[in-house]
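Engineer: Listed below are the residues making up each chain.
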Amino acid sequence: MSRKDWGIFLGTMLLIGIFPWLVKPFKAVSHYIDIMVFAGIFTLISIGLSMLMGYAGQISMAQAAFFGIGAYTSGILTTRFGLNPWLVMPAGMLLAAVVAWLLGIPALRLKGHYLAMATLGFGVIVHIVLSEEVNWTGGPSGMADIPSLTIAGARLTSEIAYYYLVWAAVFLVLLFCFLVLHSRVGRALRAIHEEQTAAEAMGVPTARLKVQVFVLSAVLAALAGSFYTHYVTFLNPGSFNLMWSIRFMLMVMVGGMQSLWGALLGTVLMTFVGNEWLQVFADFEILAYGAILLVVALFLPRGLVSLISQGFGSRKVRPSLADGSS
Amino acid sequence: MTGTITDSSAPILELHDIRMQFGGITALKGLSYDVPLGIIQAVIGPNGAGKTTLFHCISGLHQPTSGRILFEKRQISGQPPHRIAGSGISRTFQHVALFKSMTVIENIMVGRHCRTHSGFWATGLRFPGMRTEERQIQEKAASHLEFVGLEDAAHLQAGTLPLGKQKILEMARALATDPRLILLDEPAGGLNMRETEELGELIQRICQSGVTVMLVEHDMNLVMEVSDRILVLHYGEFLAAGPPGEIKDRPEVIEAYLGEQ
Amino acid sequence: MIYALVAIGYNVIYNVTEIINFAQGEFVMLGGLFAVFFVGTLRLPVGVAFFGAIIATGCVGFAMERFVIRRARDASVLSLIIITIAVSILLKGTAMFCWGKDPYVLPAFSPGGPILFGGAAIQPQALWVLGVSALIVICLTLFFRRSIYGKAMLACADNPSAARMTGIPVRQMVLLSFVLSAAIGAAAGVVITPISLMEYDRGALLGLKGFGAAVLGGLGEFHGALMAGAILGLAESFCAGYLSSGYKDAVALVLLLLALFFKPEGLFGSSEAAKLKEF
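Protein chains in written order, with our numbering: chain A, 56 to 381; chain B, 2 to 262; chain C, 5 to 283.
Think of the hints as simulated: they come from the structure by calculation, not from any bench.
Remember, it's a predicted structure, so these values are computed and weren't measured experimentally.
Note that beta-carbon positions come from the ideal geometry of N, C-alpha and C, so glycine has one too.
Don't take each hint at face value.
Unchecked claim - Covered stretches of chain C, as calculated for chain A (at least 3 residues, CB under 8 Å): (1) 87-94; (2) 98-104; (3) 199-212; (4) 259-265.
Stated by the list, open to error - With a straight-line Cα cutoff of 20 Å, these simulated EDC-like cross-link-like pairs (lysine to aspartate or glutamate) come out: (5) B:K166 <-> A:E250; (6) B:K166 <-> B:D220; (7) C:K252 <-> C:D205; (8) C:K105 <-> A:E340; (9) C:K252 <-> A:E188; (10) C:K105 <-> C:E240; (11) B:K166 <-> B:E199; (12) C:K252 <-> A:E187; (13) B:K101 <-> A:E249; (14) B:K166 <-> B:E202; (15) B:K101 <-> A:E250; (16) B:K30 <-> B:D18; (17) B:K30 <-> B:E15.
What the hints assert, rightly or not - Pair by pair, the computed Cβ-Cβ distance ranges are: (18) C:G104 <-> A:A216: 51 to 61 Å; (19) C:T170 <-> A:A346: 33 to 43 Å; (20) C:G104 <-> B:W122: 47 to 57 Å; (21) A:S85 <-> C:C63: 41 to 51 Å; (22) B:S102 <-> C:V52: 48 to 58 Å; (23) C:V258 <-> B:T66: 27 to 37 Å; (24) A:I215 <-> C:C63: 47 to 57 Å; (25) A:R263 <-> B:M221: 52 to 62 Å; (26) C:I199 <-> A:S85: 44 to 54 Å; (27) A:M68 <-> B:S144: 32 to 42 Å; (28) A:W156 <-> B:R20: 48 to 58 Å.
The following block holds chain A by itself, in its conformation from the complex:
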């Protein structure tokens, strides 16, 4: 990774780190921090989705479903069986991984629009299951009293504690993904995205890699789900439906599909927009989302990140191997 990449990484980390102090002057401090907690949780999902869409070139409309799988697994295992939330998190991630693997192997043989529909169908099925299995999930009226996370005995219930926890996780995941992208795997993914046939002919096992990225995106979504569960301590299937999958896609697209920073930027932006400024529209939020998605897809397919990098006159932001040393 180049020095520029490290610079952006540390700079963003710094910014996130001091954010709570930056907003102190404003009255609604805890509200803003609360929004940023959600932004952080959603960023975990966006990073995975960005790897899938921007690098492997695949569409998944099932991220909300994986989010839900992680969330409900954490919720059910901690409330029903009283297990330690930290130990349960890997369980949700594992389940999501297995499901994604089973779904991915046949689905990723298919081209573009087929996978989108397959994940769409799967996402809706999961939503239905979550709503119908009232005994396990509490159905549409939800599941409550989910315990919060504890670190060394201290309960993490304040927004600020959760804020740092979630964003620490985000930066760890970002680091991991950046390192993957700046390597043989990353090059292979970009190759698949550009010229799949040629990549295959050069020995890249395209189907296998696509499944792996899909699994990664599902695992990250499930992790986000677990964090979500223990923060809001209340679950309801409405948070894991198709519209949410589309929202996640929008977050990635607004920021820029081919850039992990784009995913972060897009997610933070859209989370704020969704919470603050779209409240005005109330029910017509759908309309606004549709309009934004359309505009972005038509006129700004590379997202905001491409505008920013053009503004600075540099190349489009993408992993560079200029000096090659890691």
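Given chain A's structure and the hints, the job is docking chains B and C onto it.
Structural biologist: Structure of chains B and C alone, referenced to chain A:
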């Protein structure tokens, strides 16, 4: 992958009655041929003769409708392309399928994929083995870059290169997979005379380094100049085979080409 | 059943452009709601409303192609999918804006109670559904097989540049396919509303199940769509007896997934088309 041929007269590639059918069209009709080891084997024929289809079958993009392809005495027909690449066959494409937004050296590095194996965990967590491997990838890629004479372009975006250099880059990428057989699909297409000459010289150097070359090409001068043997296809069938001097005088070959005009 | 009609809508657009139009379900929804508007607000007779709704939705299809799809013709498959998704959301939002969230009903096309048929009671409206579906399929098959326009449209999907060179106005064909598709969807929507009501968010699920029928029958095969639609409808009704209503919806989706995974060419498509789906 380990099979080295001790008997130097054994063919590196054997085509047994290859038939390739797409719906109503039969592109290859029962083609049988053995490609000798260590030579430059040209495959020529009028348009529609099935040459590129043959390459697609060998490299695994298509599975032959019937027939078998043996590489170094082991069956490869029916295997996925990346497995065949791993076994030692590489190729270039007629329409230059480079990874245009990646740099020149990155393109070649992708070629090393099948000879390396660090996965998500190893790369994400930067295991020591992975760092060594990464260094080796770069060194190898650099040496292939040098072999084809593109060192100066290492960090340019592949899509910005002129066509002649793109073709050469594609060959370097294919060489990076350490193949024992390389398939070149119309490498001279769109090149001027000087570029074609340099191409011919490069092809000969590749063969001298121990890689068997199969060449689909329309430029007859190049074919006559570099090939050791020529296979002529016509409407998906075997028409003739032999050394260049002999082939160019065969009446049936001349007729096939004249008939096309 | 209506799934067949929705599937046919997908097939029309796919046959001409190789695009899967995610907004197909919304056309159905719009058809139903437009008809409700014509009948309820304008007090027009049902027959007129039927055609009115078809025309109105056809205009929406026209607008969609003309202003949106046309801009994006060169976009990647990814972008195109996202664009059709975006349009479907927009249509849904607009519908909610115009009609609110309540479900609406239309009077049945012909009066009278259920007809007894060999021990089973069939709603006369159901017969209308079958009749309209059959009629549409017949008309479309004739259109695509016999008429010059139809064949031209098929040529566009196969090879747009070749089609353009032989003088076929590809742009207009694409436009026509969207309008046609919207009209068919609308017809389905109008015809089904008397039986099962219509509200602004029915589009997504209908569209998804219709897609299931389209894939099951083989993308692009009209007869396949009809058969698959019938199969899907029957499967769903059958399971409705055993499963809760929520899971009933899942039946069609599960079939869709199974079809995609095990037989992407559908029951009636060609396996050649399926090969193109590898890599």
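Engineer: Confirm or reject each hint.
Structural biologist: How the hints compare with the structure:
| no. | hint | result |
| --- | --- | --- |
| 1 | 87-94 | holds (count 7) |
| 2 | 98-104 | holds (count 3) |
| 3 | 199-212 | holds (count 3) |
| 4 | 259-265 | holds (count 4) |
| 5 | B:K166 <-> A:E250 | holds (18 Å) |
| 6 | B:K166 <-> B:D220 | holds (18 Å) |
| 7 | C:K252 <-> C:D205 | holds (17 Å) |
| 8 | C:K105 <-> A:E340 | holds (14 Å) |
| 9 | C:K252 <-> A:E188 | holds (14 Å) |
| 10 | C:K105 <-> C:E240 | violated (26 Å) |
| 11 | B:K166 <-> B:E199 | holds (11 Å) |
| 12 | C:K252 <-> A:E187 | holds (11 Å) |
| 13 | B:K101 <-> A:E249 | holds (8 Å) |
| 14 | B:K166 <-> B:E202 | holds (14 Å) |
| 15 | B:K101 <-> A:E250 | holds (9 Å) |
| 16 | B:K30 <-> B:D18 | holds (8 Å) |
| 17 | B:K30 <-> B:E15 | holds (16 Å) |
| 18 | C:G104 <-> A:A216: 51 to 61 Å | violated (43 Å) |
| 19 | C:T170 <-> A:A346: 33 to 43 Å | holds (39 Å) |
| 20 | C:G104 <-> B:W122: 47 to 57 Å | holds (53 Å) |
| 21 | A:S85 <-> C:C63: 41 to 51 Å | holds (50 Å) |
| 22 | B:S102 <-> C:V52: 48 to 58 Å | holds (56 Å) |
| 23 | C:V258 <-> B:T66: 27 to 37 Å | holds (34 Å) |
| 24 | A:I215 <-> C:C63: 47 to 57 Å | holds (54 Å) |
| 25 | A:R263 <-> B:M221: 52 to 62 Å | violated (42 Å) |
| 26 | C:I199 <-> A:S85: 44 to 54 Å | holds (51 Å) |
| 27 | A:M68 <-> B:S144: 32 to 42 Å | holds (38 Å) |
| 28 | A:W156 <-> B:R20: 48 to 58 Å | violated (36 Å) |
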